[in-house]
Amino acid sequence: MNRPADNTLRIALSDAGISRRDFLGFCATLAAAYALPASSVIVIAAALENASRTSVIWLSFQECTGCTESLTRSHTPTIEGLILEQVSLDYHHTLQAASGEAAERAREESMRANAGKYLLVVDGSVPLGNPGYSTIAGVSNFDMLMETAKGAAAVIAVGTCAAYGGLPAAQPNPTGAVPVSQLIKDKPVINVPGCPPIPVVITGVLAHFLTFGTLPELDGRGRPTIFYGESIHDRCYRRPSYDQGKFAESFDDEGARKGWCLFKLGCKGPVTHNACATTKWNNGVSFPIQSGHGCLGCAEPDFWDMGSFYKALSMPATPVRKAVAGAAAAGVGAGVAVAFANRAKKAAAKAAHETVKVEDLTKKP
Amino acid sequence: MSASLQRGVNAFKEVIDAPVAAFFASCVHCGLCAESCLFYTETGDPQYTPIHKLEPLRRVWQQEYTLLGRLAKLVGLAKPVTDAELAAWSPLVYDSCSMCGRCSMVCPVGNDITLMIRKMREGMAAAGHAPEGLVTATQRSIQSGSPAGVKWVTVQAQIKRMQKQFGIDIPVNLENADYLVLMSSWEILNYPEYLGSVGRILDNAGATWTLSEHAYEATNSGIQIGVSDLARELVGRIVKAAEDLKVKCVISPECGHAYTALRWEGPNLMGRRFGFEVKHILEVLDDLRRSGRLKLKGSIDKPLTYHDPCQISRRGGVHQQPRALLRQIAPQFREMSDPGVMNWCCGGGGGVSANERAEPLRTIAFKRKKAQIEKLGVNTVVTSCANCRVVIEEALEHYHMNIELLGLTELVAEHLAED
Numbered sequence: 000m001n002r003p004a005d006n007t008l009r010i011a012l013s014d015a016g017i018s019r020r021d022f023l024g025f026c027a028t029l030a031a032a033y034a035l036p037a038s039s040v041i042v043i044a045a046a047l048e049n050a051s052r053t054s055v056i057w058l059s060f061q062e063c064t065g066c067t068e069s070l071t072r073s074h075t076p077t078i079e080g081l082i083l084e085q086v087s088l089d090y091h092h093t094l095q096a097a098s099g100e101a102a103e104r105a106r107e108e109s110m111r112a113n114a115g116k117y118l119l120v121v122d123g124s125v126p127l128g129n130p131g132y133s134t135i136a137g138v139s140n141f142d143m144l145m146e147t148a149k150g151a152a153a154v155i156a157v158g159t160c161a162a163y164g165g166l167p168a169a170q171p172n173p174t175g176a177v178p179v180s181q182l183i184k185d186k187p188v189i190n191v192p193g194c195p196p197i198p199v200v201i202t203g204v205l206a207h208f209l210t211f212g213t214l215p216e217l218d219g220r221g222r223p224t225i226f227y228g229e230s231i232h233d234r235c236y237r238r239p240s241y242d243q244g245k246f247a248e249s250f251d252d253e254g255a256r257k258g259w260c261l262f263k264l265g266c267k268g269p270v271t272h273n274a275c276a277t278t279k280w281n282n283g284v285s286f287p288i289q290s291g292h293g294c295l296g297c298a299e300p301d302f303w304d305m306g307s308f309y310k311a312l313s314m315p316a317t318p319v320r321k322a323v324a325g326a327a328a329a330g331v332g333a334g335v336a337v338a339f340a341n342r343a344k345k346a347a348a349k350a351a352h353e354t355v356k357v358e359d360l361t362k363k364p
Numbered sequence: 000m001s002a003s004l005q006r007g008v009n010a011f012k013e014v015i016d017a018p019v020a021a022f023f024a025s026c027v028h029c030g031l032c033a034e035s036c037l038f039y040t041e042t043g044d045p046q047y048t049p050i051h052k053l054e055p056l057r058r059v060w061q062q063e064y065t066l067l068g069r070l071a072k073l074v075g076l077a078k079p080v081t082d083a084e085l086a087a088w089s090p091l092v093y094d095s096c097s098m099c100g101r102c103s104m105v106c107p108v109g110n111d112i113t114l115m116i117r118k119m120r121e122g123m124a125a126a127g128h129a130p131e132g133l134v135t136a137t138q139r140s141i142q143s144g145s146p147a148g149v150k151w152v153t154v155q156a157q158i159k160r161m162q163k164q165f166g167i168d169i170p171v172n173l174e175n176a177d178y179l180v181l182m183s184s185w186e187i188l189n190y191p192e193y194l195g196s197v198g199r200i201l202d203n204a205g206a207t208w209t210l211s212e213h214a215y216e217a218t219n220s221g222i223q224i225g226v227s228d229l230a231r232e233l234v235g236r237i238v239k240a241a242e243d244l245k246v247k248c249v250i251s252p253e254c255g256h257a258y259t260a261l262r263w264e265g266p267n268l269m270g271r272r273f274g275f276e277v278k279h280i281l282e283v284l285d286d287l288r289r290s291g292r293l294k295l296k297g298s299i300d301k302p303l304t305y306h307d308p309c310q311i312s313r314r315g316g317v318h319q320q321p322r323a324l325l326r327q328i329a330p331q332f333r334e335m336s337d338p339g340v341m342n343w344c345c346g347g348g349g350g351v352s353a354n355e356r357a358e359p360l361r362t363i364a365f366k367r368k369k370a371q372i373e374k375l376g377v378n379t380v381v382t383s384c385a386n387c388r389v390v391i392e393e394a395l396e397h398y399h400m401n402i403e404l405l406g407l408t409e410l411v412a413e414h415l416a417e418d
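In the order they appear, the protein sequences are chains E and R. As numbered in numbering that gives the first Met the number 0, the first sequence has no gaps in its residue numbers, which increase by one up to the final residue, 364. As numbered in numbering that gives the first Met the number 0, the second sequence has no gaps in its residue numbers, which increase by one up to the final residue, 418.
Just so you know, the hints here were simulated from the structure itself, not pulled from any lab data. Any given hint could be a false lead.
Heads up, simulated DSSO-like pairs for lysine-lysine below, C-alpha to C-alpha not over 27 angstroms straight-line [what the hints assert, rightly or not]:
hint, chain 1, residue 1, chain 2, residue 2
1, R, Lys-72, E, Lys-349
2, R, Lys-163, R, Lys-294
3, R, Lys-159, R, Lys-72
4, R, Lys-294, R, Lys-247
5, R, Lys-163, E, Lys-344
6, E, Lys-349, R, Lys-159
7, E, Lys-257, E, Lys-245
8, R, Lys-78, E, Lys-345
9, E, Lys-345, R, Lys-294
10, E, Lys-356, R, Lys-239
11, E, Lys-356, R, Lys-150
12, E, Lys-344, R, Lys-72
13, E, Lys-362, R, Lys-78
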């Protein structure tokens, strides 16, 4: 085996105290997630270990840093976090040591040195209202995105804000927030939604790029199908109780204690596509439904405006507005009017009925 | 007075109610009803698609009872129903539909197409487009009491024969009896053993029963031709006789549509509940069997099958009783394909057998039943409808098939374990 160069992930990981066994375990998880054969684990491991630095520039716009937290602030340093930070990250204003002009210079240098090859990761939405709503080093989010995206190989929109606008774009969207995909049209944009997204999903996309040099297969909403192909509901361990019609009616009733389906308590699992039910969170410890709370649907567009988190999906998300109520009333009125007209017509036909006698069964010439 | 287009269209307007409007509005034009219809499957002719048989009625609904249809009519875009059109539809409504109800079973949106055919016939008859055979049968029913012109003297003659043959006493006009026994013309003329069999079984069960001089005929041509005014009069005769005699239960004979007429349409036609129960003879037999008042002995030592009459099995719900009875006496009973509520019609129900014009088509339609019987390889078919029996017997002759046809009530009487 060739001795790896000093700046590879292998060295970085062993320096951080990650054993090769743990690393291969991570590679196996990725291979399984991508439905690759077991033999590909070694390929992934070799590719990752020997991958020279692929430059990643991470831009944070209208966001809460939760996505970065998700990736980096686990209770122990994770392989996911390490891959991102130690192998690739050239610019991330939360994580980097540099500040001020030095920090911005690091970004510009990386853009110049890796032109056309670097990955651009964005978290947070971009305000199109007043450019002053969100700036970094005096540059508006929009300008910085467009400038940095120019030389990127691909853009990864991490988190629901970057992917769909998220919380900043919630009604009435005061900053005019838009998702990245609305602004970048000339290169691939991979959406990794979730509030926050699952860490392995973020690095899974990155690892695919490092191993194969390509981006994973995406669905109609720009999400990697391997992680977002199925709904939480379809993979939920409580699904059997849904099929049997066993529902928790409140958070402390017998059904809730027995672990029955949380559909009636507002679980958005049936309409939410994410990998929570399979990969789970915090190193596979649990996920919201397992902890007794319904899914909020955070990985879906407009989840913040989908109505109360505690309203069952079968109920209307927003109160029936006046116009709709008026239209419904008009419809009912028209229906009643037509019904009365029809009733009158039928009554007239009844009144016009002449008793049919046997002599009436044929036509008289 | 005479039949006229105007009276026909007026009748269409009268019969269109909320269910009919809902059925027409919810039809998705899937065509599944075609595959369920005997007359379509045996001819492959798409004009026999059940819902298509209702086209003139559908247009009246659209033009009179829907907003868009009314607008179209207002600006002269609607095509009005014409007399020539109704004449063209007469064979579709009367010859190629036995009101067997199979299409209503398969309709994915739950439309009761058969019910609509029944209603459409009201307008067809009022417009003078009922077939001649049915008109004649209806005239005879009203005037002489029976579609075949059977008079009370004929019944009296059969009573005498049966008393002698079965050694029983046949009471007439007996008050407060448990059962009033009715017959169809076919039973009086072709299968009088039905009367003797019922008498023996009821006597043996210790039940009191009677015939009525004023109501011996159970069939109802008014239902078949589609004239409620006449159907009401015919049902009314039975209701009056039963209530005058104060019987507890009226037994509908081995006749399909008589059961529909008396049990299901009857109270609606009269607009009130009856002062007595109505049961099909098979229901009575099975009730007696379950309460231990009907015991059977011996068995038929040959393979046989049961032909479900549509109005009794599918439309009437009496399909378990004949099987319970047959299991006791026929160890070699074999089930036909599509048994019970999904049975295939003999081709002659709903007035088709009284309609000479329909005879060639009826004979073609019988090919389905022919294939079913041949596939099963039996030489004996049991049924419980005299009309099915006559239609099948004629068709067997036509196709030179050597099949024995039996009535279930007679078969039960033959295996009666007398106390």
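Outcome of the hint check:
1. Lys-72/R <-> Lys-349/E: holds, 22 angstroms
2. Lys-163/R <-> Lys-294/R: holds, 24 angstroms
3. Lys-159/R <-> Lys-72/R: violated, 63 angstroms
4. Lys-294/R <-> Lys-247/R: This hinted pair holds, its Cα atoms lying about 23 angstroms apart.
5. Lys-163/R <-> Lys-344/E: violated, 60 angstroms
6. Lys-349/E <-> Lys-159/R: Not satisfied, since the Cα-Cα distance of roughly 47 angstroms exceeds 27 angstroms.
7. Lys-257/E <-> Lys-245/E: holds, 10 angstroms
8. Lys-78/R <-> Lys-345/E: holds, 20 angstroms
9. Lys-345/E <-> Lys-294/R: violated, 54 angstroms
10. Lys-356/E <-> Lys-239/R: holds, 20 angstroms
11. Lys-356/E <-> Lys-150/R: holds, 21 angstroms
12. Lys-344/E <-> Lys-72/R: Judged against 27 angstroms, a Cα distance of about 15 angstroms means the pair holds.
13. Lys-362/E <-> Lys-78/R: holds, 24 angstroms
In this structure, the hints that do not hold are numbers 3, 5, 6, 9, in rising order.
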